[in-house]
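K.L.:
Residue numbers for the sequence shown follow the numbering used here, so the first one is 15 and each next one is one higher.
Be careful, since some hints might not be right.
Cβ-Cβ distance ranges computed for the label pairs, FRET-style [claimed, not checked]:
#, residue 1, residue 2, range
1, R219, N120, 30 to 36 Å
2, K460, R380, 32 to 38 Å
3, P80, R219, 31 to 37 Å
4, V24, D145, 22 to 28 Å
5, I537, F698, 41 to 47 Å
6, E320, N16, 54 to 60 Å
7, A520, R380, 20 to 26 Å
8, E164, I25, 42 to 48 Å
9, Q156, N120, 23 to 29 Å
10, E524, E504, 30 to 36 Å
11, H105, Q156, 52 to 58 Å
12, T100, I181, 31 to 37 Å
DSSO-like cross-link-like pairs, simulated, lysine-lysine; straight-line CA separation at most 30 Å [claimed, not checked]:
#, residue 1, residue 2
13, K160, K150
14, K329, K364
15, K539, K460
16, K62, K136
17, K171, K160
18, K150, K104
19, K385, K361
20, K726, K674
21, K541, K494
22, K62, K150
To be clear, the hints were calculated from the coordinates, so they are not data collected in a lab. Don't be surprised by glycine CBs; every beta carbon is placed ideally from N, CA and C.
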Amino acid sequence: MNLLYRYTGVIVIAWTLLIAASAGWNIVNERRRSFELARNEAVANFNKDYAFRIWASRHGGVYVPPDERTPPNPYLSHIPDRDVVTTAGKHLTLMNPAYMLRQLMNEFADFYGIRGRITSFKALNPANKPDTWEQKALTAFQNGSKEVFELTTIEGKPFLRLMRPMITTQGCLKCHAFQGYNVGDIRGGVGVSVPMAQYFAMEKRGIKILALSHVAIWSIGFLLMAFAFFNMKRNIRGRVRATEELSNANRLLETIFDHTHMMVAYLDRDFNFIRVNRAYALSDMREPSYFVGKNHFDLYPGRENEEIFRTAVEKGEPQFQFAKRFGYVNHQERANMYWDWSLVPVKDDKGRIIGLIHTLLNVTDRINAEKALVTNEARFRSLFENSPISLWEEDFSAVKSRMDELRVRGVNDFSSYFREHPDEVNVCAGLVRIIDVNHSTLSMLKASYEEVIEPGLRLVLTDASLRVLAEELSTFAMGKAEFDSESDCETLTGERLWIVVSANIAPGYEDSWGRVFVSMIDITKRKMVEEQLNKSINEKEILIREVFHRTKNNMQVINSLVTLQSQYVEDKKLQYVFKEIKSRIFSMSLVHEMLYRSKDLSSIDIGQYIRELANTLVRNFRMHNEKITVRFDVESIPLSIEVALPCGLIINELMTNSLKYAVRDNGTLEIDITLNAQDNGELFLHYRDSGEGFPDGFDFDETPTLGMQLVKGLIESQLRGSVEIGTNAGASFIFRFKDNQYPRRIGGVMV
């Protein structure tokens, strides 16, 4: 291809140079022709003037009536008969040849633009004195030149000037003998000046035509060369492509031959190996070169197979064997192997058999797999038929097509669409085709096989099961292949059953939904038990709420009795003891009150409980002139009653102590309560007041007061936690405990 580009480039350059040379040569010839035409015209005019001058010289001039245009020639005054009078009395004046020729040249120049001129170094008329160019020409004549012509300018315009010498004749001596001329002397020169404008215009037109014609010729030649180039290029590319395709095909065949897992051998018509591929050689643990030249049936004798080979050669037709078991004498291991093999005759141009292509493929695994598949199919059928679970094999392909149509219409959210168009679910249900059901299905529905297959899903559908079917189809539409739910159905006898439905799109059918396996488990008895359990739990919840309510009321009664009793006590300390008892009763009553109000009888919100308890204690113990501030940093954590109640009692004891002993002389008190859950599962409770703190030598373990002993007993015995006493200003307690140390409650009942 590169050589084609190189040769084409050389040809284009040569063609361009040839056309350019031709154009240049023709342009030069055009210019030469223009010059020759102008010169020929100048020579023609010169010859005309020369003939006229000879004629006039032979006649010695002519006499004409003088007038304004032709006055008597003052430069001929030396001639006696310059002026004459005819017998008729008419005056005439002599016009010598020079006078006549000059006047003729002037007339001709006015008409045709071609100028003529007679000049001499000894001109009688000063108007005939030579100019610079004429002087050079006259000098050339004296040196022997016979003609002078040149392209020059006159008055700024181009002219071709031609001059030849003027030879003195006998007739010339009449007027010029006094100047000393003799016959044969060069007396001057006669010149002609031809304007070149028209010739240059003709030359320009000619050059333009030449240029256009050469460009056209070059373009035609270039197009022809381009056509030839592209044609050759296409042909070369075609040959290159054909060569590459042939080479690629050969490489492909070689690759397939050497690397295919199929065993391939090429034999001559006498069954001698010409070539085998690697798979063929490896099947016998040999190298491919081992087989070359050896006869097939010397290595693998077998009368039946040899007859098949001979049939292929004699009939010239391919022979095929499928799943054939070989029994070679020297290869007993192949007795249990199955093979697909073929014999394809290879023919020459004349149709003669020249060899065989022998292919073998070990299909033992496939045959065994087919046998296993048959066995597994039988096992599956047995399992399907005898399963205690209701099993369905269904075809959802028509449903898939219907939903694809809806998707094209713009439906993307099928869950919402089915809720808004419940009739569409009925349409889809009618498109489901029941392929098969097992005996458990027939038993569950109390129906025959035909009674289930023919009506399809409409047999078991209820309003609830239609909603479940809509959920199932929406799940499949989202690309999921599994669906589980609970539903109900009806038997042919009208009994209502509760079932667990599980639907799975079979592997390989995700795009078509052509196979969907559905299982149904009858959970009617379990549902009945669950309903009884729920009924029992609801009854127990009502009972427990009533217990909480009665306990709270009883504690309020006790609280009221303590209040009435305290009114008969005048001792201030004893009254304060009664107030502490009331606060303890309230803290326990508040827990039961919150449990009674709670939806979950097993726990209360400890954060809300602490806030209500603390605010109530402040209202009950604060004096009129005291300013008590409680700051809370407590989380809303659900705690069981076994943990919440000790927490409330602990905070009750700490706050009553703070309200009793920690109020400053100015009547102010600040209390901070913090409760949060730690990462390790512990609960962190921090209580601090702004009082003076503990006295020197305070020992929490040895404190004799009932409140501190109660706090110590609650945290260690009931909550099984720990307490740390702060030593900074104010009383500070840090408690750590857990909530998972008690049995779990369901509906307020221990389990």
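K.L.:
If a hint holds in the structure, say so; if it doesn't, say that too.
P.N.:
Each hint tested on the structure:
1. R219 x N120: 30 to 36 Å: Since the Cβ atoms of R219 and N120 sit about 31 Å apart, the hinted range of 30 to 36 Å holds.
2. K460 x R380: 32 to 38 Å: Since K460 and R380 have Cβ atoms about 45 Å apart, the given range 32 to 38 Å is violated.
3. P80 x R219: 31 to 37 Å: Given a distance of about 48 Å, which is not inside 31 to 37 Å, the answer is violated.
4. V24 x D145: 22 to 28 Å: 56 Å, violated
5. I537 x F698: 41 to 47 Å: 46 Å, holds
6. E320 x N16: 54 to 60 Å: For N16 against E320, whose Cβ atoms are near 57 Å apart, the range 54 to 60 Å holds.
7. A520 x R380: 20 to 26 Å: 22 Å, holds
8. E164 x I25: 42 to 48 Å: Since E164 and I25 have Cβ atoms about 44 Å apart, the given range 42 to 48 Å holds.
9. Q156 x N120: 23 to 29 Å: Distance hint for Q156, N120 holds at roughly 27 Å.
10. E524 x E504: 30 to 36 Å: Given about 32 Å between the Cβ atoms, the range holds.
11. H105 x Q156: 52 to 58 Å: Roughly 41 Å apart at Cβ, these two residues miss the hinted range, so it is violated.
12. T100 x I181: 31 to 37 Å: Check passed, 34 Å falls within 31 to 37 Å.
13. K160 x K150: Roughly 13 Å between the alpha carbons, so the hint for K160 and K150 holds.
14. K329 x K364: 15 Å, holds
15. K539 x K460: Measuring from Cα to Cα gives roughly 17 Å; hence the hint holds.
16. K62 x K136: The given pair, whose Cα atoms are some 24 Å apart, holds under the 30 Å limit.
17. K171 x K160: 26 Å, holds
18. K150 x K104: Roughly 45 Å between the alpha carbons, so the hint for K150 and K104 is violated.
19. K385 x K361: 40 Å, violated
20. K726 x K674: 19 Å, holds
21. K541 x K494: 28 Å, holds
22. K62 x K150: 24 Å, holds
Consistency note: the structure conflicts with the earlier hints numbered 2, 3, 4, 11, 18 and 19.
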